[in-house]
Amino acid sequence: MDSIEEFRYLVLAAQREGARALTAALKPHDLTPSQAEAIAVLRDAKSPLTVREIGQRLVCEGGSPSRLMSTLASKGLVESTAGTADRRTTVLSLTSAGLVAAQIVSQIEQNLYQGLNYILDDAQVAAAMPVLRTLVAQLPAGQALQRRISDMTAANRA
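Under UniProt numbering, think of the first position of the sequence shown as 1, with each following residue one higher.
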């Protein structure tokens, strides 16, 4: 196996193991990784978002997250309201139950990050970041991640 092929499989293996751990942690809370990510997107946004805006920030799936958001609404975690700037636009936000779910998602994320910090030191993470950023920079998932980072940066400044 040449090095680029091994690299591909290492990225795939890391992603799959991370997804398995996340799925297992979310299962007792009746959430999937995609649902948790959508909740996190709304949690990290400084204001309600349209379905399209949520879709632009999801790494877990491409396209429109309409079905995903409908599922979260049916669980009572998300509510839709008319947009303030344009009443024809529907925006989504977390309900009070959604805010509780967001806290649970945050705790699960922190637990996963602690596990990664146990395995990897700061220097290893810092060395891997430029490679992974280059790998996904021009891809839809990489662009979605960049939008999320921008949202979180703006929210932290506010």
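Treat the hints as calculated values from the structure; they're not laboratory data. The C-beta atom is built at its ideal place from N, Cα and C for all residues, glycine as well. Hints may contain errors.
As the list claims (entries may be wrong) - Computed Cβ-Cβ distance ranges for the label pairs, DEER-style:
no.	residue 1	residue 2	range
1	13	111	17 to 25 Å
2	93	13	16 to 24 Å
3	154	1	21 to 29 Å
4	14	153	34 to 42 Å
5	67	24	19 to 27 Å
6	30	3	25 to 33 Å
7	47	8	36 to 44 Å
8	103	1	39 to 47 Å
9	1	47	46 to 54 Å
Outcome of the hint check:
no. : hint                    : in the structure
1   : 13 with 111: 17 to 25 Å : 21 Å, holds
2   : 93 with 13: 16 to 24 Å  : 37 Å, violated
3   : 154 with 1: 21 to 29 Å  : 43 Å, violated
4   : 14 with 153: 34 to 42 Å : 25 Å, violated
5   : 67 with 24: 19 to 27 Å  : 23 Å, holds
6   : 30 with 3: 25 to 33 Å   : 42 Å, violated
7   : 47 with 8: 36 to 44 Å   : 38 Å, holds
8   : 103 with 1: 39 to 47 Å  : 43 Å, holds
9   : 1 with 47: 46 to 54 Å   : 48 Å, holds
Violation of the numbered hints given earlier is confined to hints 2, 3, 4 and 6; the remaining hints are satisfied by the structure.
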